[in-house]
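**Student:** So the protein sequences, as listed, match chains A and B. If you're matching positions, the first sequence starts at 1 in the working numbering and goes up one per residue. If you're matching positions, the second sequence starts at 1 in the working numbering and goes up one per residue.
I should point out that these hints are in silico values taken from the structure, not numbers from a laboratory. Any given hint could turn out to be false.
Copies of the same chain look alike in the list, so a pair counts if it fits in one copy or across any two.
What the hints assert, rightly or not - No farther apart than 20 angstroms at their CA atoms in a straight line, the calculated lysine to aspartate or glutamate pairs in the EDC-like style are these:
#, residue 1, residue 2
1, K16, E3
2, K16, E146
3, K16, D142
4, K16, E104
5, K16, D107
6, K16, D149
Number of protein chains: 2
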Amino acid sequence: MNEFALIRQFFLRPAKRVLQGGGDDCALISPRAGQVLAISTDMLLEGRHFFADVDPATLGFKALAVNLSDLAATCAEPLAFTLALALPEANEAWLQAFSRGLFECADRFNCELIGGDTTRGPLAISITVFGEVPPELAARRDSAREHDDIWVSGELGGAALALAMEIANRAAEGPRRNGIAALVERLERPLPRLALGLELRGFIHAMIDVSDGLLADLRHIVEASNCGATISEAQLPISEDVRNLPLSQRRRAALAGGDDYELCFTADRSQREAVIAAGAKADVPVTRIGEITPPDGIRVMDIENRPLDGAALAALSGFDHFD
Amino acid sequence: MNEFALIRQFFLRPAKRVLQGGGDDCALISPRAGQVLAISTDMLLEGRHFFADVDPATLGFKALAVNLSDLAATCAEPLAFTLALALPEANEAWLQAFSRGLFECADRFNCELIGGDTTRGPLAISITVFGEVPPELAARRDSAREHDDIWVSGELGGAALALAMEIANRAAEGPRRNGIAALVERLERPLPRLALGLELRGFIHAMIDVSDGLLADLRHIVEASNCGATISEAQLPISEDVRNLPLSQRRRAALAGGDDYELCFTADRSQREAVIAAGAKADVPVTRIGEITPPDGIRVMDIENRPLDGAALAALSGFDHFD
């Protein structure tokens with residue numbers, strides 16, 4: 001199968017909301033009146049972001065979902081995406097499953113594929129997503145204010161625990177142990193918090209999605225907003241399976257575990273009821289975990305309300321691709 | 001250097017024409033009133049699209065230029081781009097040179113970097129470009145009409161010859177032979193025909209950029225437009241150095257050589273003077289090379305005006321990543 005037949009068979013669909021989809025030199029899209037385009041891009045590599053033998057349908061779903069999470073963090077509504085794909089070979093069964101997972105995510109979140117590129121090489125997936133948002137309602141990282149509450153959606157640590165279990169499974173000789181299904185689902189098929197992002201439009205201050213770990217991502221808000229933060233370990237919403245871990249592992253999963261794709265945001269104290277109502281409408285729990293402070297880094301209070309010391313915090317630094 | 005420091009040092013610049021550039025979850029852009037966004041994406045891989053020891057400044061320039069060529073083929077004007085970059089290591093000298101070449105191209109064609117992603121892995125570059133075009137003036141592949149003239153900009157075959165010379169240089173033992181500077185420039189720093197695309201707005205029919213070879217790319221027009229084409233070998237604008245090659249090599253470079261990034265387009269016969277005037281305004285030669293016919297594939301007439309037979313044509317099929 002050549003490159004163009006491959007694209008036609010697995011990836012080309014008629015344009016729906018966009019003016020012109022794939023199949024030409026360029027796609028054509030336009031935001032609705034009063035809105036602008038929110039754009040984000042990610043690259044996923046085999047061995048770095050996923051295992052070589054990952055289920056391709058799962059990979060297709062996740063590759064788009066993690067990009068949509070950036071739209072959620074901007075309060076944007078999905079519109080379209082492009083896909084650049086490097087493949088070791090044109091394996092039809094693999095492509096069939098990958099495109100099925102990709103379009104499952106695309107259809108679920110109403111986002112259409114409008115163009116792409118395929119080439120032969122080590123498996124790599126680069127997606128760029130486009131969403132719509134009225135510019136005055138787009139959430140940013142640099143808008144946190146002193147005394148803001150800090151909130152997080154859903155639960156933390158599940159994806160990190162699932163990954164740790166998967167790595168342990170792979171390291172163990174003998175028959176493969178089963179993971180915990182809900183946790184694996186969490187790692188492999190994250191659900192971007194798009195509905196929550198839309199419900200939070202207009203009254204929150206700063207927002208980011210938790211992809212590298214809560215502390216690492218909250219640090220982006222704190223640095224961009226020129227402020228500090230104090231969060232309380234006792235208040236963190238932690239996945240049930242993570243709660244049973246020893247303290248050091250639990251702490252690491254909740255504060256430094258990546259891949260949860262929850263939203264972390266700040267809002268004025270007067271908005272507490274509005275935030276909770278937004279969570280209820282979006283059917284996602286929201287939990288108040290701390291407060292924005294004057295610029296002094298991030299303090300984490302342990303369950304006895306004592307600040308974690310520097311060594312404990314350093315052990316919790318988030319994932320960095322070039323560290 | 002960690003991932004975020006790397007992005008700040010080499011890639012983060014303040015937003016100019018866009019609403020919000022890099023450094024947040026999403027960039028925000030909007031086309032001007034009456035225009036829509038033209039979007040294209042490409043992925044370049046080491047060993048597939050460039051040599052591992054390529055000059056990184058050249059690579060940075062070309063990675064953006066080949067994407068801008070898709071905007072040119074749509075008659076769009078560059079606005080912005082995103083960059084996803086996988087790197088084996090955070091080599092500062094390499095990044096310095098790569099970003100210099102990238103921004104040289106970006107500044108020359110007035111296109112700003114608005115976001116991206118960096119990760120560690122085999123060198124891979126994925127760029128998505130955004131241009132502006134009034135939707136009714138966007139050129140497409142499916143709009144060729146019977147009896148249209150077929151035109152091509154600039155000269156063909158130079159990049160293919162430069163690549164062949166480079167491969168021969170690398171295969172040869174002993175000191176490296178010099179290429180022909182202008183040809184190597186052609187291969188390594190293609191100049192997207194953006195000015196010509198703008199001048200052609202509104203009165204041409206179909207257009208594509210020549211990235212995989214004239215025949216392969218003209219075939220996309222012919223198939224999308226449900227027509228045929230006859231082109232004349234004698235009329236092809238061929239790079240001077242290519243003209244001196246033996247017939248089979250000359251033919252292959254001109255008809256099947258990729259990487260020239262010229263524009264191939266069709267227009268009504270009544271527009272000949274307008275096309276030539278557009279070329280003059282954009283300071284790019286334009287050459288009439290044939291005619292759109294009823295649907296019957298592509299015929300190539302040789303210099304004695306006899307059609308090339310099937311075997312000769314088959315030997316000229318364009319580059320395909322999965323053939």
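**Student:** Which of the listed hints are not met by the structure?
**Tutor:** 1, 2, 6
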